[in-house]
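**Q** Sequence:
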Amino acid sequence: MNANDIPKPVAGTSSVQSHTTGCTLIVSWHWPPTKRASTQVLANLFAGASADGYVVLTRAMDESNNADAIIPPSLPTQRVNWPAKNDEDGRIATWIASLLTTFRMWRQASRCAGSNPIERVFAVYPHRYGLLAGWLIAKKLRKPLTVYMHDLFAETLIARNKAKRGFWTWLDRRVMKDASLVIVPTREFAQHYERRGVGQTWVLPHCIAKSDSPVPMPKFEGELRLAYAGSIYQAHEDSIAIFLTGIDGASNVSATFLSEPHRLLSGRDVQWLSRSEARHRMADSHVLVVALGHNTPYPQEIDGCFPSKIVDYLSIGRPILAIVPPGCFVDRFIAESGCGLSVTSQDPADVLAAVEQLSDADCLARFAESARAAAVKLGAGYWIAELTRELAGVGSQSAKTVRGDLATG
0 MNANDIPKPV AGTSSVQSHT TGCTLIVSWH WPPTKRASTQ VLANLFAGAS ADGYVVLTRA
60 MDESNNADAI IPPSLPTQRV NWPAKNDEDG RIATWIASLL TTFRMWRQAS RCAGSNPIER
120 VFAVYPHRYG LLAGWLIAKK LRKPLTVYMH DLFAETLIAR NKAKRGFWTW LDRRVMKDAS
180 LVIVPTREFA QHYERRGVGQ TWVLPHCIAK SDSPVPMPKF EGELRLAYAG SIYQAHEDSI
240 AIFLTGIDGA SNVSATFLSE PHRLLSGRDV QWLSRSEARH RMADSHVLVV ALGHNTPYPQ
300 EIDGCFPSKI VDYLSIGRPI LAIVPPGCFV DRFIAESGCG LSVTSQDPAD VLAAVEQLSD
360 ADCLARFAES ARAAAVKLGA GYWIAELTRE LAGVGSQSAK TVRGDLATG
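Under numbering that gives the first Met the number 0, the final residue of the sequence shown carries the number 408; numbering is consecutive throughout.
Calculated from the structure, these hints are not laboratory results. Hints may be right or wrong, so weigh each one.
Straight-line C-alpha distance at most 25 Å; calculated DSS-like pairs for lysine-lysine [said to hold, decoys possible]:
#	residue 1	residue 2
1	Lys-163	Lys-84
2	Lys-176	Lys-138
3	Lys-176	Lys-34
4	Lys-34	Lys-84
5	Lys-139	Lys-176
6	Lys-139	Lys-161
7	Lys-176	Lys-163
8	Lys-176	Lys-209
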């Protein structure tokens, strides 16, 4: 996303009135207060949405023990029972519960339509069963389907069973063919779907909630404090290793990992904190780190993904140090917004050079100013208004293909 091309939010868009005819039925497997990266994205985006323009259909998950639950948007929400203790993947109980819940959501959709003037279905991915439910509901209600793809689906599918893999791959192709509009968070994903023959795409970046505001930079007194937030897994272990080797060669640098324990982090400062505590810890840092792997089985996903942690970083107003493959969205965003530095090689010496460049108060101040400017342009008030207007054209000739970063007319 070219931050210079992002229009600044317009005054008065924080509480959005409906510009659509009838309601949009949001079908999402995950929805606040359930804690997921995707639910935080949804909470930020829909916090200012009009209650007369959207209705939500989702699962009822037990969040009684979740002290870090996400505040749900104030939208009419219908939840169907999830008949299992948890939703861990790979378990037979989860598979059975998923099938049953998909059916219940499909059945509940008729009741939603009976009490609301539903004109379109908005299916959110992840999760695959949420996408399945949304597709089936659109067919049942005979309403146009919009899909909101936070990530790629078939390209990152993990399924050893050939029958399951074949079904989900077929569903991905079927949904993309039937969808009136495919919404993605980056230009790279839009271009990927265009290469697949998907004609109607629209780029909707992850947004920053109105309640989030920049925090003053802590005074730089010779020690550069870095922080990384989020889990570490196969998709970026190699870049984390490069980062660690690079900073080990630096003096007066400390790094905190707001993450669960991981073998690569043995002997490091590792803390698993609540969202509010993590935000406080990030605010106490000078630079925040994002990493995406070079050696990954999912290069198309890495190329276009928009890590949700970036909006958290920008909302605090901190420079970003990215260790990512060249030419991916994150690399492009960092370069075009000017909010930090991107290391695209696999040489730890380049990480060290970047850290040394960042170990300067004036440099930090410049990058922080650019981070704050990028955060303003990602304000959720502006983007929910844009989404509402875009949905008004779904299924009509006014819908358009967007090849750039933004759909601004």
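**Q** Has the given pair, Lys-176 with Lys-34, been kept, meaning a C-alpha gap of at most 25 Å?
**A** violated, 31 Å
**Q** Could you grab the alpha-carbon distance between Lys-176 and Lys-138 and see if it respects the 25 Å cut-off?
**A** Status holds; Cα separation ~13 Å.
**Q** For the pair supplied as a hint, Lys-139 and Lys-176, is the alpha-carbon distance within the 25 Å limit?
**A** This hinted pair holds, its Cα atoms lying about 17 Å apart.
**Q** Measure nothing beyond the straight line between the CA atoms of Lys-176 and Lys-209; if it is 25 Å or shorter, mark the hint as holding.
**A** violated, 35 Å
**Q** Is the straight-line distance between the alpha-carbon of Lys-176 and that of Lys-163 25 Å or less?
**A** holds, 20 Å
**Q** Regarding the pair Lys-34 and Lys-84, is the alpha-carbon distance no greater than 25 Å?
**A** With Cα atoms ~16 Å apart, Lys-34 and Lys-84 stay inside 25 Å; holds.
**Q** Would the pair Lys-163 and Lys-84 pass a check requiring their Cα atoms to be no farther apart than 25 Å?
**A** The hint holds at about 23 Å.
**Q** With a cut-off of 25 Å on the C-alpha distance, tell me whether Lys-139 and Lys-161 pass.
**A** violated, 28 Å
The structure shown violates the earlier hints numbered 3, 6, 8.
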